[in-house]
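From first to last, the protein sequence lines stand for chains P and H.
The numbering of the first sequence is this note's numbering, which starts it at 1 and goes up by one.
The numbering of the second sequence is this note's numbering, which starts it at 1 and goes up by one.
Derived by calculation from the structure, the hints in this document are not laboratory data.
Being a predicted model, the structure only gives us computed values, none of them experimental.
We put the CB at the ideal spot given by N, CA and C, even for glycine.
A few of these clues could be false.
Unchecked claim - Pulled from the structure, derived: some chain P residues nowhere near chain H, Cβ distances all over 12 Å:
id, residue
1, E16
2, K131
3, H137
4, Y157
5, S432
Unchecked claim - Here are the simulated DSSO-like cross-link-like pairs (lysine-lysine), alpha carbons at most 30 Å apart as the crow flies:
id, chain 1, residue 1, chain 2, residue 2
6, H, K97, P, K405
7, H, K287, H, K104
8, H, K258, H, K131
9, P, K82, H, K48
10, H, K82, P, K407
11, H, K311, H, K21
12, H, K311, H, K287
13, H, K366, H, K379
14, H, K287, P, K21
15, P, K97, H, K104
16, P, K407, H, K131
17, H, K97, H, K48
18, P, K21, H, K104
19, P, K11, H, K311
20, H, K258, P, K104
21, P, K11, H, K132
22, P, K82, H, K405
23, H, K366, H, K413
24, H, K21, P, K104
25, P, K104, H, K287
26, P, K287, P, K131
27, P, K31, P, K82
28, H, K82, P, K11
29, P, K131, H, K437
30, H, K48, H, K311
31, P, K132, H, K97
32, P, K258, P, K287
33, P, K82, H, K200
34, H, K11, H, K311
35, H, K48, H, K21
36, H, K258, P, K82
37, P, K437, P, K11
2 protein chains.
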Amino acid sequence: MVLKMQQEPYKIYLEENEMPKSWHNVRAAMKEKPEPFIHPGTRQPCVKAELLPVFCEDLVDQELNVTDEYISIPDEILSFYKMFRPSPLVRAYCLEKELDTPAKIYYKFEGNNTSGSHKLNSAAAQVYYAKKQGLTHLTTETGAGQWGSALSMACAYYGVDLTVYMVKISGEQKPYRKVLMQTYGANVILSPSDTTDVGKKILAEHPDTGGSLGCAISEAIETAVKSQNCRYVLGSVLNHVLLHQSVVGLETKIAMDKYGIAPDVIVGCAGGGSNLGGLISPFMADKINGKNNIRFVAIEPASCPSLTRGKYALDFGDTGQTTPLIKMYTLGSGFLPSPNHAGGLRYHGMSPIISKLYDDGYIEAKSYVQSDVFEAAQKFARSEGILPAPESAHAIKGAFDEALKCKETGEAKTILFGLTGTGYFDMSAYQSFNEGKMSDYVPTDEDLQKGFDTLPGC
Amino acid sequence: MVLKMQQEPYKIYLEENEMPKSWHNVRAAMKEKPEPFIHPGTRQPCVKAELLPVFCEDLVDQELNVTDEYISIPDEILSFYKMFRPSPLVRAYCLEKELDTPAKIYYKFEGNNTSGSHKLNSAAAQVYYAKKQGLTHLTTETGAGQWGSALSMACAYYGVDLTVYMVKISGEQKPYRKVLMQTYGANVILSPSDTTDVGKKILAEHPDTGGSLGCAISEAIETAVKSQNCRYVLGSVLNHVLLHQSVVGLETKIAMDKYGIAPDVIVGCAGGGSNLGGLISPFMADKINGKNNIRFVAIEPASCPSLTRGKYALDFGDTGQTTPLIKMYTLGSGFLPSPNHAGGLRYHGMSPIISKLYDDGYIEAKSYVQSDVFEAAQKFARSEGILPAPESAHAIKGAFDEALKCKETGEAKTILFGLTGTGYFDMSAYQSFNEGKMSDYVPTDEDLQKGFDTLPGC
């Protein structure tokens, strides 16, 4: 006789045959769906044909699919996933001891692959569909460099050319990210650049800008639509990216169900929203259906507070205002974030799925200043032995605060957070923290207003 | 009914309860033992009391133990191991396809922890024994920075102070390694330094030297013996380090036995010899006992060829000539290796265990120049999605050649190699390879003679 609940190890690795075979599309479970993309000219919902010049066809289908709750993962992608998945679900025994909390803390660690983050989950999928469509070239942007690294790996695996527009300030903070992508064969261009019209325009207006994800997206899209046999791919925000990232949440849920673990609160960092969306996906569907009462907490940097201080409005996804309009929490596509070290969270908007769930009250949001986040990162590194990416450290700080609340109340809650990546390429940020030179910039209301003034106001 | 041979996944992770509970001491299986350490003054074998001022007592016991084939791993270390072990044994399906070889290629991947290498296996053990002995401070050296990073993590975990002498050229090639160690709380000093007598002497004689492991060891030992409640710890070469690293080989053997995999050849890189010694340990014992006919291949850089071009002689372990004399393959303690990017392989000597096994014909050895190694590293990264450390890439190149031999002969041999770590902190090396600026320096016989001239000649 096999016992239903197995004894719980430090790290739970699923067997290969327990890995999810489908992605989870949380939109199918949502009672009210996120608003569709709006064409900025016609002000009508975008149709498939309008998206095809920019995106791969299968990804457009996934992007527009709000009805199928489960979408099969092709065998070729499952094979790729087996190269670096399943990822471990870790019980943070050492951290619990360090924080002296009755809470049980778990984290799903997505940094155990060479790209160093969860981004590979979507890169593996997107390049597969591009290859299947016969494309030979892709363009993208990268902020912290995690997405660019992951996509470079995936493009090397499938044999597809890649041009990466890397946010200039990130390229300067992390020169070796660039070398990593080049080692995988990618062509890396610092953005804003003079290789595109939109890059030239931004440089003319803001010659000293360190760039932003919004700028880099504009450049990558422009290059994709002007090139032969080429499409643009994006590492966050979009619905199909959250869909691919649901593999994180599904694995977590399978592992937790296997060992009888029921989270009370799930914490994730949120930049474009893909890791948070992926982590919470199946848990959120259950919450919507009244099957659990989990609290979901999104953590963002105080320097780029789209959820906590942004507006829920139709906005462009990029600074160059070339994308369809997206209903999301946003600081305005003209918001140029400060050079916070968590480059992956430096985006003016937020996934429309996360935005809608937040607006409907399913998700809470909090923001932290940088040095508080790095203090948590350092404590985590020293007790759990994993050096977190600055982005991931936002989730750590959020989990710390939940655990310390439990210490006050004496409640033994179960806290799950997403540890999205490692900080190997973020040592200049740690150096600035170690030397006490870290900025805790928070935008003033006036700063934010400048961004809001760029909203299309429809 | 349970099938004995389970279906083989891409990555084999043992269950926690399958993890080894003891280390394997290959010396117990060796028919002729490695020679004991010799006191340079008395020319007699060193006794325990002579080693205690430098090393922790339990480690000295392990160092001198040539009789017990299995030595229990204390529970506290097993708990630490569970933070980052078991490590995966990976079937390199993509690489096999890329090389178009009938060979089956496996690698044991030790880079899946934040220190990024196998070094944590011994760090976790050594700091535990130091803490148990009531020590409050440790000193060590680091070359590539892998050992220093691992030890910093272990010291943070146990709450023990640490001073790391980092080989100067490595510190310059990898500035962020230093920041990583500092983030874990270590005091990092570039070697040769003016903090020790031996450092001052070396600097006076070779003001432009990039340093070497041998120099850094001298400085760390000097500081340890001059400090209160402090000992020196070493990340390779010594018998107890190979003992701790046997966890790698034991896990590999358990996983292979579980799935009915029998290696024909095992390849590892060899600097000080600890990863190779750990990986082969249980397989070698079986070979000695006639239970298998595995070929063992050590790969070293052509720039520091201790096995392939060194002498089997009594020599000091450090440049300052302060250690006991060790019978090993050596280039002479005065050999100052060129600034090859595989800093972890830049050591003049070789583990006495590996040296003895090599001398007795149980191990083969090969050397490669740097750019051949990086070419293999890049190909591996692009097909398997893991960016290898330059040290590990030597084993990859060795495995490639074995696989290509199989392609010629049509034999479907089973090749196992040790993938000891990741190259996240080695991007300047990859950059130099990408830009075609990599040196393929090989020492002349005259260069080697200068090192041999420093042998104590006993």
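Now for the hints, and whether the structure bears them out:
1. E16: Label violated. Min Cβ-Cβ 4 Å, cutoff 12 Å.
2. K131: Correct as stated: the minimum Cβ-Cβ distance to chain H is 15 Å, above 12 Å.
3. H137: holds (17 Å)
4. Y157: With a cut-off of 12 Å, Y157(P) comes too close to chain H, as the shortest Cβ separation is near 7 Å.
5. S432: Violated: least Cβ distance 10 Å, not greater than 12 Å.
6. K97(H) <-> K405(P): Given pair K97(H), K405(P) is violated - Cα atoms ~53 Å apart, limit 30 Å.
7. K287(H) <-> K104(H): Distance of about 21 Å is within 30 Å: holds.
8. K258(H) <-> K131(H): violated (36 Å)
9. K82(P) <-> K48(H): Outside the cut-off at roughly 49 Å; violated.
10. K82(H) <-> K407(P): holds (26 Å)
11. K311(H) <-> K21(H): Distance ~37 Å between K311(H) and K21(H) Cα, so the pair is violated.
12. K311(H) <-> K287(H): holds (25 Å)
13. K366(H) <-> K379(H): holds (20 Å)
14. K287(H) <-> K21(P): violated (42 Å)
15. K97(P) <-> K104(H): violated (44 Å)
16. K407(P) <-> K131(H): holds (29 Å)
17. K97(H) <-> K48(H): Since the Cα atoms of K97(H) and K48(H) sit roughly 52 Å apart, the hinted pair is violated (cutoff 30 Å).
18. K21(P) <-> K104(H): Holds, at roughly 27 Å.
19. K11(P) <-> K311(H): Not OK: K11(P) and K311(H) at ~45 Å, beyond 30 Å, violated.
20. K258(H) <-> K104(P): violated (33 Å)
21. K11(P) <-> K132(H): Measuring from Cα to Cα gives roughly 26 Å; hence the hint holds.
22. K82(P) <-> K405(H): holds (28 Å)
23. K366(H) <-> K413(H): Judged against 30 Å, a Cα distance of about 19 Å means the pair holds.
24. K21(H) <-> K104(P): holds (27 Å)
25. K104(P) <-> K287(H): Violated, at about 46 Å.
26. K287(P) <-> K131(P): violated (37 Å)
27. K31(P) <-> K82(P): Given pair K31(P), K82(P) is violated - Cα atoms ~34 Å apart, limit 30 Å.
28. K82(H) <-> K11(P): Roughly 8 Å separates the two Cα atoms, so the pair holds.
29. K131(P) <-> K437(H): Since the Cα atoms of K131(P) and K437(H) sit roughly 33 Å apart, the hinted pair is violated (cutoff 30 Å).
30. K48(H) <-> K311(H): holds (27 Å)
31. K132(P) <-> K97(H): holds (20 Å)
32. K258(P) <-> K287(P): Distance of about 19 Å is within 30 Å: holds.
33. K82(P) <-> K200(H): violated (52 Å)
34. K11(H) <-> K311(H): violated (40 Å)
35. K48(H) <-> K21(H): Holds, at about 26 Å.
36. K258(H) <-> K82(P): Given that 30 Å is the threshold and the Cα spacing comes to 19 Å, the pair holds.
37. K437(P) <-> K11(P): violated (36 Å)
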